[in-house]
Amino acid sequence: EPEVTQTPSHQVTQMGQEVILRCVPISNHLYFYWYRQILGQKVEFLVSFYNNEISEKSEIFDDQFSVERPDGSNFTLKIRSTKLEDSAMYFCASSVRVSYGYTFGSGTRLTVV
Amino acid sequence: QQQVKQSPQSLIVQKGGISIINCAYENTAFDYFPWYQQFPGKGPALLIAIRPDVSEKKEGRFTISFNKSAKQFSLHIMDSQPGDSATYFCAASKQGAQKLVFGQGTRLTINP
Numbered sequence: 001e002p003e004v005t006q007t008p009s010h011q012v013t014q015m016g017q018e019v020i021l022r023c024v025p026i027s028n029h030l031y032f033y034w035y036r037q038i039l040g041q042k043v044e045f046l047v048s049f050y051n052n053e054i055s056e057k058s059e060i061f062d063d064q065f066s067v068e069r070p071d072g073s074n075f076t077l078k079i080r081s082t083k084l085e086d087s088a089m090y091f092c093a094s095s096v097r098v099s100y101g102y103t104f105g106s107g108t109r110l111t112v113v
Numbered sequence: 001q002q003q004v005k006q007s008p009q010s011l012i013v014q015k016g017g018i019s020i021i022n023c024a025y026e027n028t029a030f031d032y033f034p035w036y037q038q039f040p041g042k043g044p045a046l047l048i049a050i051r052p053d054v055s056e057k058k059e060g061r062f063t064i065s066f067n068k069s070a071k072q073f074s075l076h077i078m079d080s081q082p083g084d085s086a087t088y089f090c091a092a093s094k095q096g097a098q099k100l101v102f103g104q105g106t107r108l109t110i111n112p
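The listed protein sequences derive, respectively, from chains A and B.
Using this note's numbering, you'd call the opening residue of the first sequence number 1 and step up by one each time.
Using this note's numbering, you'd call the opening residue of the second sequence number 1 and step up by one each time.
Since the hints were derived computationally from the structure, they do not count as laboratory data.
Check each hint, because a few of them may be wrong.
[Said to hold, decoys possible] Here are the simulated EDC-like pairs of lysine to aspartate or glutamate, each with C-alpha atoms no more than 20 Å apart in a straight line:
#	chain 1	residue 1	chain 2	residue 2
1	B	Lys94	A	Glu44
2	B	Lys94	A	Glu59
3	A	Lys42	A	Glu59
4	A	Lys83	A	Glu18
5	A	Lys42	A	Glu85
6	B	Lys68	B	Asp53
7	A	Lys57	A	Glu68
8	A	Lys83	A	Glu59
9	B	Lys68	B	Glu26
10	A	Lys57	A	Glu85
11	B	Lys94	A	Glu56
12	B	Lys5	A	Glu44
13	B	Lys42	A	Glu1
14	A	Lys42	B	Glu26
15	B	Lys42	A	Glu44
16	B	Lys42	A	Glu3
17	B	Lys94	B	Glu56
[What the hints assert, rightly or not] Partial list, derived from the structure: chain A residues whose beta carbon lies under 8 Å from chain B:
#	residue
18	Tyr31
19	Val43
20	Ser48
21	Tyr102
Cβ coordinates follow ideal geometry from the N, Cα and C atoms, glycine included.
Full structure from sequences and hints, please.
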């Protein structure tokens, strides 16, 4: 079964450092997403990406965050200057149709110290 | 208005029993209601989903019941098994929107 692949599985970074989280969506999917889950809390939408541009973003997704699809397969989330409160599990997802039948990756656990 | 409220937070059921998790929403524009299952260290996986034109959808041991007038929907797991032990999230989205709004999650434990 096709999978969404995320790397790394765990990243520890110092406050103020930049991090890039990487994702390889399912090849025939057109919509790409980032969500985050703070430990023990619900999954929260960050951003959606379609046709090489951001199509929707939440209030969490401020100027510190950016997304990119640098080539035909990767989808990245960059946090420019990490804060302690950015510590969370970050999930990439993709779908064939908008908001329907998401497939999530296994996540990257980001720890900011 | 964008919230989806899920209960209970945690649930313990004996093997073979029925597990019931409930969700309520406020935004009447929501028209797609999926349930996700999440095992520790993994991402959420789509379990079953329903649209508001039907009141019930069944897939194997999993059933969604949908009450449009009450703006509530629930997941029923029949003959619950220890392998069903996981965190379950309800979610909702509206046509044209690209995001899913998730409930708080329910940690389900099935005792053998």
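Index of numbered hints that the structure contradicts, given in increasing order: none
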